[in-house]
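K.L.:
Sequence:
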Amino acid sequence: MHSINSLFDLGGSKAPAICAEMSGNHQGNLESALKFVRLAKKYGADYLKFQVYTPDTITFKSDLPDFRVEANNEWSKFSTLYDLYNKAYTPWDWVAALFEEAKSIGIQAFASPFDLKAVKFLEGLGCPVYKIASPEITDHNLIRECAKTRKPIILSTGLASSKDLDEAVSIIKSEVAPFLILKCVSAYPTEVSDINVSTMKWLKTKYNCNVGLSDHTIGSDAAFAASALGASLIEKHFKMPGDESSVDSSFSMELSDLPAFKKSINCIYSAIGKPTLELPDSAKISFSGRRSLYVVEKVIKGEIFTNANVRSIRPCYGLHPKHLPNILGKKAKEDIEPGSRLEWNLIDDQIN
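Quick note: the sequence shown, position 179, residue 192 per this note's numbering, numbers continuous.
Treat the hints with care, since some could be wrong.
What the hints assert, rightly or not - Here are the simulated DMTMM-like pairs of lysine to aspartate or glutamate, each with C-alpha atoms no more than 20 Å apart in a straight line:
#  : residue 1 : residue 2
1  : 133       : 152
2  : 100       : 113
3  : 346       : 310
4  : 164       : 207
5  : 314       : 347
6  : 344       : 294
7  : 116       : 234
8  : 54        : 267
9  : 100       : 69
10 : 214       : 22
11 : 100       : 76
12 : 55        : 136
13 : 55        : 347
14 : 55        : 106
15 : 161       : 128
16 : 116       : 128
17 : 176       : 204
18 : 48        : 128
19 : 219       : 177
20 : 343       : 356
21 : 55        : 69
22 : 217       : 180
23 : 335       : 294
24 : 335       : 361
25 : 74        : 128
26 : 48        : 136
27 : 48        : 257
Hints in this document: simulated from the structure, not taken from any laboratory. Note that the structure is a prediction, hence the values are computed from the model and not measured.
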C-alpha cells in the first residue's frame, strides 16, 4: 500500500501509485458518487481525488463572450462556463460524505481546492494532500494557502510555463511543504503524441522532486510510458462502468478497467528493475547452454587436435571456447572418446 508520505519521498522506490480522479463523473447524485468511492476501493485505486469548487467560486455567471464555452471545446454543449461548472461541480456536503465514506472503507482521499474557502473547508475534513489544478498554477494566493498547511502539494503542469512552475515551487518551498509535479496536457482528451512524458525527467532534475503524470489521454499507453520513465504517481479520470452522461465521461477510463491497468503498470515497474548483469535464479538453469570445447571424434594418444575432432558446442562444461586457437595443433595425452569434455589434463604442452 502506498502511504501519502511515500509519494513525496525522493529516495523511495515503489511502483507508481494510481489516483482515481472523480471530477464531474458523479452522475449528478450523491449515491452514485458514494458508489464511485466504493468501486475505486474495490478495483484497487491507491488514492481518490475530488475537485472542490462551486460555480460562483470558479467563474462568473455571465453571457458575455469571455464567459462562453468555445465551440471547439469538449464541453461545447454548455453555453457558458457557469453552466458547465454548475453541472460538473460536486456539492460540498457531498464532498464531506465522500471523505467520510473513503475513510470508513480504507482508501486515501484528497482534493483540488479552487479558492481559499475550499482550502479552509478541506482542512476541516482533514484533507492530507492538496492538488493544484493546471489552470490554478498562477493563483499564488491559493498555492500559498495550501503550502501554509505544511501538507504535501501536487502541482500539475497542464498550462504552466517554466516561469510559472519556478514561481509556484518557490512559494511552496518558502513554506517548507513537500511537493510533487505531474506532467500534464490540458486537452480533453489529450493526443498521445502531445503528452511528452519524457519531460518528467527534466522536471525531476530541475526541481529535485518526485514526478508523475496527470493523464487525459484515452487508453493506457501514456501511463505505461510514464511508468517506465520513473513516475511516482499516475492520476487519471475514471468513471462508473457504462457512464456516458457525466461531463468528463468521454475521456475517462471505466473503474472496472482499473485492475488490469494497475497490473500492467506494476509489471512495467517490475521489469525496469535495477542496472545489473547479475543472473537471476530463473536464468541460472540456462547457463549450461553456453558453449565450451568438446571432443567430437575419437582421438588417439599423441594425435593432434584439429577443427575436425574438437568443436565449440553446447553445453558449457568443457574448456572455454577462447582457448581453441591455442589448442589446435597440440597433441592428446591419452585416448579420448567422442563426447568428452576437453580439459587441460588431456592436452600435451598445456597453455595456461
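K.L.:
So, for every hint listed, does it hold in this structure?
P.N.:
To see whether the hints hold, each was checked on the structure:
1. 133 to 152: It holds: about 16 Å lies between the C-alpha atoms, which stays within 20 Å.
2. 100 to 113: Answer violated: residue 100 to residue 113 is near 23 Å, above 20 Å.
3. 346 to 310: With a Cα-Cα distance of about 15 Å, the restraint between residue 346 and residue 310 holds, given a limit of 20 Å.
4. 164 to 207: violated (32 Å)
5. 314 to 347: OK: residue 314 and residue 347 at ~4 Å, within 20 Å.
6. 344 to 294: violated (39 Å)
7. 116 to 234: Violated, at roughly 31 Å.
8. 54 to 267: Satisfied, since the Cα-Cα distance of roughly 13 Å is no more than 20 Å.
9. 100 to 69: The hint holds at about 12 Å.
10. 214 to 22: holds (16 Å)
11. 100 to 76: The given pair, whose Cα atoms are some 16 Å apart, holds under the 20 Å limit.
12. 55 to 136: violated (27 Å)
13. 55 to 347: Violated, at about 72 Å.
14. 55 to 106: violated (24 Å)
15. 161 to 128: At roughly 14 Å apart (the allowed maximum being 20 Å), residue 128 and residue 161 satisfy the hint.
16. 116 to 128: The hint is violated at about 24 Å.
17. 176 to 204: violated (25 Å)
18. 48 to 128: violated (27 Å)
19. 219 to 177: Holds. Residue 219 to residue 177 sits at ~14 Å (cutoff 20 Å).
20. 343 to 356: holds (13 Å)
21. 55 to 69: violated (34 Å)
22. 217 to 180: This hinted pair holds, its Cα atoms lying about 16 Å apart.
23. 335 to 294: Cα-Cα ~26 Å, so violated.
24. 335 to 361: holds (18 Å)
25. 74 to 128: Distance of about 17 Å is within 20 Å: holds.
26. 48 to 136: violated (24 Å)
27. 48 to 257: holds (16 Å)
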